[in-house]
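Undergrad: The primary structure of each chain is shown beneath.
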Amino acid sequence: MAFLSGLFASFFMNKTFDWESCRRDFPILDQTVHGKPLVYLDNAATSQKPLSVIEALVHYYKRDNANVHRGIHELSNRSTVAFEGARARVARFIHAPHPDEIIFTRGTTESINLLAATWGATNLKPGDVILLTEMEHHSNLVPWQMIARQTGARLAFIPVTGDDGMLDLSRLDDYLTPRVKLLSMVHISNSLGTLNPVEELCARARKMGVTTLVDGAQSAGHLPVDVQALGCDFFAFSGHKICGPTGIGVLWGRQQCLEKMPPYQGGGEMILTAGYDRTEYKPAPHRFEAGTPDISGPIGLHAAMDYLDAIGRDHIWKHDQELAHHAWDQLSKLKDIRLFGPVGNSPFRAGLVSFLLKDVHAHDIVTLADQAGVALRGGHHCTQPLMHKLGVESTARASFYFYNTRAEVDQFVEVIREIQRFFGR
Amino acid sequence: MFEDVNDLYQQVILDHCRHPRNFHEIPSCSVTAQGRNPVCGDQLKLFLTLKDDRILDAAFVGSGCCISKASASLLTENVKGKTRQEATALFDQVRGLVTTGQGQGDMGKLAVFAGVHKYPARVKCAILAWHALLEALKGGAAPVTTENEAA
Chain A
1304 MAFLSGLFAS FFMNKTFDWE SCRRDFPILD QTVHGKPLVY LDNAATSQKP
1354 LSVIEALVHY YKRDNANVHR GIHELSNRST VAFEGARARV ARFIHAPHPD
1404 EIIFTRGTTE SINLLAATWG ATNLKPGDVI LLTEMEHHSN LVPWQMIARQ
1454 TGARLAFIPV TGDDGMLDLS RLDDYLTPRV KLLSMVHISN SLGTLNPVEE
1504 LCARARKMGV TTLVDGAQSA GHLPVDVQAL GCDFFAFSGH KICGPTGIGV
1554 LWGRQQCLEK MPPYQGGGEM ILTAGYDRTE YKPAPHRFEA GTPDISGPIG
1604 LHAAMDYLDA IGRDHIWKHD QELAHHAWDQ LSKLKDIRLF GPVGNSPFRA
1654 GLVSFLLKDV HAHDIVTLAD QAGVALRGGH HCTQPLMHKL GVESTARASF
1704 YFYNTRAEVD QFVEVIREIQ RFFGR
Chain B
1323 MFEDVNDLYQ QVILDHCRHP RNFHEIPSCS VTAQGRNPVC GDQLKLFLTL
1373 KDDRILDAAF VGSGCCISKA SASLLTENVK GKTRQEATAL FDQVRGLVTT
1423 GQGQGDMGKL AVFAGVHKYP ARVKCAILAW HALLEALKGG AAPVTTENEA
1473 A
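So the sequences go chain by chain: A and B.
Using this note's numbering, read the first sequence as starting at 1304 and increasing by one per residue.
Using this note's numbering, read the second sequence as starting at 1323 and increasing by one per residue.
Just so you know, the hints here were simulated from the structure itself, not pulled from any lab data.
Warning: the hint list may mix true and false statements.
A few chain B residues that don't get close to chain A, going by computed Cβ distances all over 10 angstroms [unchecked claim]: (1) 1340; (2) 1343; (3) 1344; (4) 1375; (5) 1418.
For lysine-lysine, the following DSS-like pairs were computed, each having C-alpha atoms within a straight-line distance of at most 25 angstroms [to be verified]: (6) B/1373 - A/1339; (7) B/1404 - B/1440; (8) B/1404 - B/1431; (9) B/1367 - A/1661.
Treat the numbers as computed from the prediction; the structure is a model and nothing was measured.
Glycine is no exception: its CB is placed at the ideal position from the N, C-alpha and C atoms.
Using the sequences provided together with the hints, build the complete structure.
TA: Take a look at the structure:
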């Protein structure tokens, strides 16, 4: 596979990892946009896909495509083995005790909606509290608002300190009251770049008997994840942000939690026996996966997880953080810039930087950067309440991954300087 | 570095973005409407003072990008003195201009928005205030969004 030529060759031929060689595995990076070489810094929105993932999808549709589980024939057998093999691979990827604790979903958003609709609907009562943080993505806010309205539970929020984007844990005891039934929080903030101390928070919650969910959309592909060490009850992430295809995501839940949860959707694949009046459901994970699933998604995700773990997520974390620290350092030297998230070389800074220029709207920054070939994101990043708290409508964001280089960061900073000149003229 | 974007960020647009005209509330206005762009969280509020069928005064407040601010600013300058029907016709002209680059007739300063059509992601920014205008003329109180505007 082409994947071997780039990634593995760099391992065997260089003592230190040659990050630029990864780029050969990502054909999409080798192009010009508006006549300039593409600098893709929108990885928090979605990552690019290596050839090994693209080839896994092509191979599946060329050779193995059939429906899973019910088939007796050879192709169905192959599909089922690949599909369930991906489930086992996900369990290894996040160090889950058992593959049966891995539920395939469409993405982090569906994972959280699934939990709200099943666990939430059966465990929440009027007066119960769902504890979130002020930095949650809408996907870890709106589903809880919806289930709170249905059950009479209410929401509470651990505050964010300010522009430096840390959770204010000084008064955690005031928030973690006996009324709290669930603590759901983001591992890495997509709009601030903050790495939250979820291990500590899960431990505190566990002592209070509070169930915990960690939103790992921005973390799963960027640092080693061990759900048992994190101590959470549920963990959600998306395939497309970790080099996998769009449309596939994961909800991991502890067996003892999953077995008490009602089904999510009804249909094929999730029943043991069905009658006209009543139906007996399968145990997890199939109880939560009604209908023909996305089969190619888990297969592509499997290849993506293999790719990331061949590099090592500890290396990826270090690389992304170095780029973010460098970007922060360079941007902080500019006049009239407001930076968000952990300051300086903070160990809590993940691989993205959010910022605003005085008198230049984020969308104008992004349009101009695009003209220079630099793909950024501008907007509220689906964290509108946080934006309002910080007194802004939107920010511009550069988010990095292992295939980005220090030279690209320098180029990005130069483009931001040029944008200031453009609007200052 | 940005020689190509001058068709989008024309001097008139940059000027209206930095120094928006009629940028204030009209407490005694006849009608008002809000425009919201859910993509970026931008919002603006448009105020119109009408006498019979004619717009006597127009102003706006809010936050937004250069394109949406300049568009709102130029809108307020352009609709003053127009009848409801003339203002509605102007909406159609502006929408045609920002989506196709082709204007009908002499659009005066509004012609600077011709370049927007080359930037599909920014059409919503340019048309936001104009949707608010239509809503205000209808007398609607619900905020309008540009979510369904074909890019």
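Undergrad: Evaluate each hint against the coordinates.
TA: Against the structure, the hints come out as follows:
With a minimum CB-CB distance of about 7 angstroms to chain A, residue 1340 of chain B fails to clear the 10 angstroms threshold, and the non-interface call is violated. With a closest Cβ-Cβ approach of about 17 angstroms to chain A, residue 1343 of chain B is found to remain outside the 10 angstroms limit, as its non-interface label requires. Every beta carbon of chain A lies more than 10 angstroms from that of residue 1344 of chain B, the smallest distance being close to 19 angstroms; the non-interface claim holds. No beta-carbon of chain A is positioned within 10 angstroms of the beta-carbon of residue 1375 of chain B; the least distance is around 35 angstroms.
The claim that residue 1418 of chain B lies off the interface holds: its Cβ sits roughly 22 angstroms from the closest Cβ of chain A, which is beyond the 10 angstroms cut-off. Of the pairs offered as hints, the one joining residue 1373 of chain B and residue 1339 of chain A is violated, with about 53 angstroms between alpha carbons and a cut-off of 25 angstroms exceeded. Distance restraint check for residue 1404 of chain B and residue 1440 of chain B: the Cα-Cα separation of roughly 29 angstroms exceeds the 25 angstroms cut-off, and the hinted pair is therefore not satisfied. The straight-line distance between the Cα atoms of residue 1404 of chain B and residue 1431 of chain B is roughly 16 angstroms, inside the 25 angstroms bound, and the hint therefore holds.
A distance of roughly 22 angstroms separates the Cα atoms of residue 1367 of chain B and residue 1661 of chain A; the hinted pair therefore holds under the 25 angstroms criterion.
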